[in-house]
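Chains U and B supply the protein sequences, listed in that same order. Take the first sequence: its position 153, counting from 1, is numbered 152 in numbering that gives the first Met the number 0, and each next residue is one higher. Take the second sequence: its position 65, counting from 1, is numbered 64 in numbering that gives the first Met the number 0, and each next residue is one higher.
Hints are computed from structural coordinates only; laboratory data are not their basis. Bear in mind that the values here come from a model prediction, so they are computed numbers and not experimental data. Possibly wrong hints are sitting among the right ones.
Claimed, not checked - Capping the alpha-carbon separation at 30 Å, the derived lysine-lysine pairs in DSSO-like fashion look like this:
(1) Lys155(B) with Lys291(U)
(2) Lys440(U) with Lys440(B)
(3) Lys92(U) with Lys440(U)
(4) Lys291(U) with Lys155(U)
(5) Lys291(B) with Lys155(B)
(6) Lys155(U) with Lys92(B)
(7) Lys446(B) with Lys155(B)
(8) Lys440(U) with Lys155(B)
(9) Lys446(B) with Lys92(B)
(10) Lys291(U) with Lys291(B)
(11) Lys446(B) with Lys446(U)
(12) Lys440(B) with Lys446(U)
(13) Lys291(B) with Lys155(U)
(14) Lys446(U) with Lys92(U)
2 protein chains.
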Amino acid sequence: MATTALQELIDSLPPGAVIVDADVLDSYARDRTDVLAAGAPLAAVTARSTDDVAAALAWAHANDVPVVTRGAGSGLSGGATATPGCLILSLAKMNRILAIEPDDFVARVEAGVINGDLDRAAAAHGLMYAPDPSSMDISSVGGNIATNAGGLRCVKYGVTRNSVRSLTVVLADGRVLRTGHDTVKGVSGLDMVGLFCGSEGTLGVITEATVALVPRPGGDPVTLLAPFPTADAALGAVSAAMRLGADPELMEFMDRRTLQAIDDWKGTDFASAGGMVLAQVMGPDAAGRAEKIAQAFHAGGADDVAVSDNAAEGEQLIAIRRMAYPAKERLGHLLTEDVCVPRSQLAHMMRFIDDLAAERGLAICTVAHAGDGNLHPVFIYDGATPTDVPDEIWEAAGDVFREALRVGGTLTGEHGVGTLKRRFLAEELGDVGVEVQRAVKRALDPKGLLNPGKALA
Amino acid sequence: MATTALQELIDSLPPGAVIVDADVLDSYARDRTDVLAAGAPLAAVTARSTDDVAAALAWAHANDVPVVTRGAGSGLSGGATATPGCLILSLAKMNRILAIEPDDFVARVEAGVINGDLDRAAAAHGLMYAPDPSSMDISSVGGNIATNAGGLRCVKYGVTRNSVRSLTVVLADGRVLRTGHDTVKGVSGLDMVGLFCGSEGTLGVITEATVALVPRPGGDPVTLLAPFPTADAALGAVSAAMRLGADPELMEFMDRRTLQAIDDWKGTDFASAGGMVLAQVMGPDAAGRAEKIAQAFHAGGADDVAVSDNAAEGEQLIAIRRMAYPAKERLGHLLTEDVCVPRSQLAHMMRFIDDLAAERGLAICTVAHAGDGNLHPVFIYDGATPTDVPDEIWEAAGDVFREALRVGGTLTGEHGVGTLKRRFLAEELGDVGVEVQRAVKRALDPKGLLNPGKALA
Numbered sequence: 000m001a002t003t004a005l006q007e008l009i010d011s012l013p014p015g016a017v018i019v020d021a022d023v024l025d026s027y028a029r030d031r032t033d034v035l036a037a038g039a040p041l042a043a044v045t046a047r048s049t050d051d052v053a054a055a056l057a058w059a060h061a062n063d064v065p066v067v068t069r070g071a072g073s074g075l076s077g078g079a080t081a082t083p084g085c086l087i088l089s090l091a092k093m094n095r096i097l098a099i100e101p102d103d104f105v106a107r108v109e110a111g112v113i114n115g116d117l118d119r120a121a122a123a124h125g126l127m128y129a130p131d132p133s134s135m136d137i138s139s140v141g142g143n144i145a146t147n148a149g150g151l152r153c154v155k156y157g158v159t160r161n162s163v164r165s166l167t168v169v170l171a172d173g174r175v176l177r178t179g180h181d182t183v184k185g186v187s188g189l190d191m192v193g194l195f196c197g198s199e200g201t202l203g204v205i206t207e208a209t210v211a212l213v214p215r216p217g218g219d220p221v222t223l224l225a226p227f228p229t230a231d232a233a234l235g236a237v238s239a240a241m242r243l244g245a246d247p248e249l250m251e252f253m254d255r256r257t258l259q260a261i262d263d264w265k266g267t268d269f270a271s272a273g274g275m276v277l278a279q280v281m282g283p284d285a286a287g288r289a290e291k292i293a294q295a296f297h298a299g300g301a302d303d304v305a306v307s308d309n310a311a312e313g314e315q316l317i318a319i320r321r322m323a324y325p326a327k328e329r330l331g332h333l334l335t336e337d338v339c340v341p342r343s344q345l346a347h348m349m350r351f352i353d354d355l356a357a358e359r360g361l362a363i364c365t366v367a368h369a370g371d372g373n374l375h376p377v378f379i380y381d382g383a384t385p386t387d388v389p390d391e392i393w394e395a396a397g398d399v400f401r402e403a404l405r406v407g408g409t410l411t412g413e414h415g416v417g418t419l420k421r422r423f424l425a426e427e428l429g430d431v432g433v434e435v436q437r438a439v440k441r442a443l444d445p446k447g448l449l450n451p452g453k454a455l456a
Numbered sequence: 000m001a002t003t004a005l006q007e008l009i010d011s012l013p014p015g016a017v018i019v020d021a022d023v024l025d026s027y028a029r030d031r032t033d034v035l036a037a038g039a040p041l042a043a044v045t046a047r048s049t050d051d052v053a054a055a056l057a058w059a060h061a062n063d064v065p066v067v068t069r070g071a072g073s074g075l076s077g078g079a080t081a082t083p084g085c086l087i088l089s090l091a092k093m094n095r096i097l098a099i100e101p102d103d104f105v106a107r108v109e110a111g112v113i114n115g116d117l118d119r120a121a122a123a124h125g126l127m128y129a130p131d132p133s134s135m136d137i138s139s140v141g142g143n144i145a146t147n148a149g150g151l152r153c154v155k156y157g158v159t160r161n162s163v164r165s166l167t168v169v170l171a172d173g174r175v176l177r178t179g180h181d182t183v184k185g186v187s188g189l190d191m192v193g194l195f196c197g198s199e200g201t202l203g204v205i206t207e208a209t210v211a212l213v214p215r216p217g218g219d220p221v222t223l224l225a226p227f228p229t230a231d232a233a234l235g236a237v238s239a240a241m242r243l244g245a246d247p248e249l250m251e252f253m254d255r256r257t258l259q260a261i262d263d264w265k266g267t268d269f270a271s272a273g274g275m276v277l278a279q280v281m282g283p284d285a286a287g288r289a290e291k292i293a294q295a296f297h298a299g300g301a302d303d304v305a306v307s308d309n310a311a312e313g314e315q316l317i318a319i320r321r322m323a324y325p326a327k328e329r330l331g332h333l334l335t336e337d338v339c340v341p342r343s344q345l346a347h348m349m350r351f352i353d354d355l356a357a358e359r360g361l362a363i364c365t366v367a368h369a370g371d372g373n374l375h376p377v378f379i380y381d382g383a384t385p386t387d388v389p390d391e392i393w394e395a396a397g398d399v400f401r402e403a404l405r406v407g408g409t410l411t412g413e414h415g416v417g418t419l420k421r422r423f424l425a426e427e428l429g430d431v432g433v434e435v436q437r438a439v440k441r442a443l444d445p446k447g448l449l450n451p452g453k454a455l456a
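Given only the sequences and the hints, what does the whole structure look like? Please build it.
Put into structure tokens, the structure is as follows:
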């Protein structure tokens, strides 16, 4: 890269927007996927407007520089890991909530707005931004759209895509596209919004979004915590509870090894159970619906179902689920995986993971967004740094991916393909699937400059 | 077209699958958009399998023959109107429900299955297929996916896209693509399912789908019917009711002229109101939620809100809404339009339509899926045949489209662009939008043989 070319980029953007200092650049080179090493970026741009993004992309296009876009850098699949010589494009400073329209149940935001901030702003109008990844207080709306992220409330409200109405996207060559419908319904033209949702920075850069809000459920939530003798029993009870139509907001599972990790940390005695389910119900007749779920849990083998009497008690029950991840972090480095299967296959997948752990002597603790069939097996390993992932861990993770595919599931329910799963993607998509996706990629990014080497690499 | 080429098509398909008789062909040449004249097709194929569709498309691709795909032919925008010399591809006989998986809340169906049939099959498992276009007993699942159709229950369950998990699609050259995720969540690869949903036969031919089912709400629905002094008051009350979070399944509006048409037919006295709203609530605490809506209607100016005490009474109230369309059919030929606006703009749009009707002496009766901001102004006109649409009707419809766009709405909420609205589409998409959609179209159908002249023509 000639210095004159880089100077052109600097000149085309506001003062201070381009970072070239190597130490500062390093802090932009990776997301939270700490199992991956990053390449050295050429430079980083901290955009403050769609115009900034357009200028940066036009420059990259003219100079054939690959571009890695990042929101808040909270990704877990290496989607924002820097590749050598890339231009990092950070949207973290595009963090303004531009409008909330309470009668139309929409908000218009810049891509860098933090999910939790948007949800709190919506709450002031009696509304809610439904997408709630566990990272919601550190992850951005734009990043979550670019990965079509999930979350705990998905079991009721669906994935991020369901909350996105329209987008402003800067294309690979710097053109600015406004696409989608601000309205509830709209079928004019092809659904480009869906295409950009979950495209992991490979088709364009999302700079603004109009997202849907929903009425915030009233009243206290009712929370249930149920220990089961076995994981099989717990996951069978989840299926039975889901068939009741009780419309829970949460339906979470923790396996025995996760409970053991919490016990080891907190001195509790959860791991006498073979698995535990946490559920929550909000809104009309929450108590009545929670009671139906409690009955299904009893019938499924839970002798002692705790049901919260008030919000504070509910928070105490949820706090147990929140301990799952920090309890594991104490034990070593973590490779957090993410497969999704038909709900009826959850129990099979847990047996498969248990057998794998036993046969190979691996430490795998699993939590699941069980109502959605979304499993997070967390592989724990030792090593000088998190990037020292032992081969047997990668092999075991690969076996879990393939088993998920074999039973009708997918490689990734909510974290994305990123860098970590790109070598498995073709197995899921099939030959024609890969051909079609590559054709669409070429149509939108003919030079292949947007997040190269990620997702459909 | 050489006879030998057509003979190749006949030889590549099961006996009787290819129709060349002109009279029979004519019955395949149009959908329910009776305002449009159709061209004469070259031939029609009645497919019974994905293989049949693949053979037909491979032949069309090799011989440069345009292909117009049809499901049940219930479309209202001319999406399935034959173009001269095209091959009609009918999926009406691919009407098998292949599987219902009650634990996973999914069904696997061929594209020609009638929506109502699928919903009834799901009901046997305590489940529901949520998409419910008014045409649900005559329209097909595949056709509704290809138009991303709406329906009355959208206000609660969202559009058809939200119910589609994975698709089998035959591409323009005959390759067979399996795409999407059968699971609740899945973010591996680009969202091709969304791209095919609503693509109106221009990107590929959907032959099978895995669709989501939902638990069927229990208990009796509670139905409300509220006459308001003015349309403004009615639509204001709709907004107020939506903000309660009472989660209605229906929230429908009828304008005074629609009520007058019913009165003229049935001798009722509805048109003493300036507008009427029909709402329905199902599931947990339906009575309590209905009461909240009734209070909002009272507060909004409805003196006399009818609330059903039982299912039969609810049906009587809904029957009034069902009269809206047949009451208009008595008055002349109908051009049924379909725009969607932010809900806060509904009252403005009704005033605009009222003024247009008054200024130009036109008969326009409007119903709306008001909870979604989706208006159906129905233009009534005289003429020897439905295709004799007077110029002033097209002009008025165009003015309604442009006003909807001006206030942040869209040309079509649920019917699709088809033939009727293609000349307006570029106004909504903008230059970059058109370029991007054309690039995607070229990537998937480089010869431009799939439904040419429709949608993004």
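Hint by hint, which ones does this structure get wrong, listed from lowest number up?
-> 6, 7, 8
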